[in-house]
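J.: Let the sequences and hints guide you as you build the complete structure.
Line by line, the protein sequences give chains D and P. With the first letter of the first sequence counted as 1, position 139 gets the number 139 in our numbering; the numbers rise by one all the way through. Converting from the second sequence to our numbering requires adding 298 to each position, the first position being numbered 1.
Each hint should be verified, as a subset may be incorrect.
A few chain D residues facing chain P, derived, Cβ under 8 Å [said to hold, decoys possible]: (1) I129; (2) Q131; (3) V132; (4) I133; (5) N137; (6) P138; (7) V139; (8) F143; (9) I249; (10) R257; (11) T281; (12) K282; (13) T283; (14) H286; (15) T288; (16) S290.
For the record, the hints were derived by calculation from the structure and aren't laboratory data. Every residue, glycine too, gets a C-beta built ideally from N, C-alpha and C.
Residues per chain, in single letters:
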Amino acid sequence: MSEKSEARLSVFKTYKLYVGGKFPRSESGRVYEVTDSKGKWLANAPQSSRKDARDAVVAARKAFGGWSGATAYNRGQVLYRVAEMLEGRKDQFVREVADAEGLSKSKAAAVVDATIDRWVWYAGWTDKITQVIGGANPVAGPFFNLSSPEPTGVVAVLAPQESSFLGLVSVVAPVIATGNTAVVIASEKAPLPALSLGEVLATSDVPGGVVNVLSGRTAELAAPLAAHQDVNAIDLAGADEELAKELEIAAADNLKRVLRPQAVDYSETPGTDRMTAFLETKTVWHPTGSLGASGSSY
Amino acid sequence: MASAFEYAPAPESRSVVDIAPSYGLFIDGEFTDAADGKVFKTISPSTEEVLSEVAQAGAEDVDRAVKAARKAFEKWSALPGSERAKYLFRIARIIQERSRELAVLETLDNGKPIKETRDADLPLVAAHFFYYAGWADKLDHAGFGADPRPLGVAGQVIPWNFPLLMLAWKIAPALATGNTVVLKPAETTPLSALFFADICRQAGLPRGVVNILPGYGDTGASLVAHPDVDKVAFTGSTAVGKEIARTVAGTRKKLTLELGGKGANIVFDDAPIDQAVEGIVTGIFFNQGQVCCAGSRLLVQESIQDELLDSLKRRLSTLRLGDPLDKNTDIGAINSAEQLARITALTEQGEAEGAERWSPACELPSSGYWFAPTLFTNVTQAHTIARDEIFGPVLSVLTFRTPDEAVAKANNTQYGLSAGIWTEKGSRILAVANKLRAGVVWSNTFNKFDPTSPFGGYKESGFGREGGRHGLEAYLDV
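T.: Structural data, given as structure tokens:
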């Protein structure tokens, strides 16, 4: 590198949505300015529309059969692969998280480490949650039955507004670990780590459509998702009190499962709540052929 | 249809149950009148005889009951689990002791056959209290953390199809986990809940732990909306469930809903026909079909349709409809004139839309609310009778050719509560059960219940599970 040359002009990235395994711009053609914590311009993020949200639901529904039907072992490996890919792109995320949340480089690095570890934590859950929350039930009669958890379907996720990366992953990973597919609305103010996560997911064996990432105005995008008849559940983590109430009312139309916003310290090891919130329990009965204590049988 | 072996009537004696001419609300351990003095009559659906006059709770009474429950919550939740357990065991035992009395009462007030109250409802009611009693001192082993806490006051609204059983499903886990309850039974079947209040007194249950408020929908609405209720549990129609979900939106109230269903009972060509026919009968004619998880859509493989339907029609011709207190009665009365009107309207619509209606020769009693067992053939998925919950003894028959088609048709509904599979092939049972979007799947059996087994729906059949370890979650702060 010659000392005389001008400082090199860097190449900006056009941030795009991640829908159905592809990177579209918003159908609306709109963007909005994303700034760092000090107000410095960072990028123009797509400002998704109602149509983008609907497209994302279609993609998530299409992906549901394959993803929920995959073995838990397979889902675990795919999730672990996400952690591997994140590890390799750590520097990028440290920079984006530092900008988004106004953290020092070392603090941002700690957040990114915790985020990667969270993926690993959930990767290990995929083939254990059934054993922990399912069960064999000792019925009083000549039957046996088994209760097993099953994913509820397409889950709309309002990512937390403040924790742009650790919070995001903490709400997305449990949804897909259990076999659901997700339509995620990134933090409105700090969407860039979420949009970059889409690039990681695209290269991590996560099938297209399993996670769909939208950026834009949370309230504008959440309304059609909460009212959408083909969305089975909604996580209101990123909604304020007023919006949450409005969305919960809309969600009643098809009796979506609703996870209300709550105070969460994302640095703590999570419990299983975020997984069980989006699981159904199916109880399957079958006769055993034994007719009781008399000893007679089939 | 006279025959040499005609049954003689064998009515169960009513003398085991003493129904008072009037009942109050049960608040804070006392029977009391409604604040505004309102009362309503409860009648026997099989005879239209007035059984009793019952106080009708209004908003003021709801407030009083919630306050009593709140006050009782402090001490009740602070009791060691082992002590709460003993109260619940006492209740279970008293229910067993008084089970004949309660069975007759339930049959009188609901119209269902004594055979069912005696052999299904009451044993299950006692079993639920017995099962959850055992959880009360083992909650730290239930998988919800080391010290799961109760929520507080539970507002519970239950339907008329299994009055005492639904009460048990709601009250047993609530009390075991340390909550106190205000329960509203349905307006057509308040009596067994009021008898339960007396059982609570016999068991020495502290005042205010259980409060019973008979009333109509507006009573339930005030209870659900009461600001000091921490938990709402509802079993009933999907429309009301959605309304409740809107009411509790934006509050801290925890909500579980057990709503409607349109269960598919799938019969494959290799199924044992006789057993399947029995299962179809149990699936849709148990409790006059007034069951949210009824197998109201029969999906039969095309190749055995004729054989199965012939067999089914023969079997339906042997069902005995009539006096519910007769222990040989298979089909009792429809619960109310309103429900009968709904069933009648929906079946008329079925005919108008082109489905073919069939009922066995069946003489209906001259008083009371009755509906003959009915099946519809030539039904398509678009027909109202294949989509809407009828909640009566009406079976809609559809056909399919392949397992995939069976699954697609079974899942083609807003509901997702129950389903049945009849086949001798084990791998087919597992494959189909896996693909069905329903909370309970019965294979080679139907309509079986047990307190250890989680029950509840997918999709618009509601959320949350009742029964088993899972049933505890609805009443814990987790």
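J.: Evaluate each hint against the coordinates.
T.: Evaluated hints:
For D:I129, the shortest C-beta to C-beta distance to chain P is roughly 11 Å, which exceeds 8 Å, and the interface hint is violated. A hinted interface residue such as D:Q131 counts as satisfied when its beta carbon comes closer than 8 Å to some beta carbon of chain P; here the least separation is about 11 Å, so the hint is violated. Among the interface hints, the one on D:V132 holds; its C-beta lies about 7 Å from the nearest C-beta in chain P, closer than the 8 Å criterion. Nearest Cβ of chain P to the Cβ of D:I133: about 7 Å, under the 8 Å cut. The hint holds.
A least Cβ separation of about 4 Å between D:N137 and chain P falls short of the 8 Å threshold, and the interface hint therefore holds. Interface hint status for D:P138: upheld, as the beta-carbon distance to the closest one in chain P is roughly 6 Å, under 8 Å. Given the 8 Å rule on beta carbons, the hint for D:V139 holds: about 4 Å separates it from the nearest Cβ of chain P. This hint holds: D:F143 has a C-beta 6 Å from the nearest C-beta of chain P, less than the 8 Å allowed.
Annotation: D:I249 was flagged as interfacial toward chain P, and the flag holds, the nearest CB pair being 4 Å apart, inside 8 Å. At a threshold of 8 Å, the smallest CB-CB gap from D:R257 to chain P is about 6 Å, leaving the interface hint in force. Against a cut-off of 8 Å between C-beta atoms, the interface hint on D:T281 holds, since the closest Cβ of chain P lies about 5 Å away. Nearest Cβ of chain P to the Cβ of D:K282: about 6 Å, under the 8 Å cut. The hint holds.
Residue-level restraint check for D:T283 holds (minimum Cβ-Cβ distance to chain P is 5 Å; threshold 8 Å). Checking D:H286 against chain P: minimum C-beta separation of about 5 Å stays under 8 Å; hint holds. For D:T288, the interface hint is violated, the least distance from its beta-carbon to any beta-carbon of chain P being 10 Å, above 8 Å. With a cut of 8 Å, the hint placing D:S290 at the interface with chain P is violated, because the nearest CB-to-CB distance is about 14 Å.
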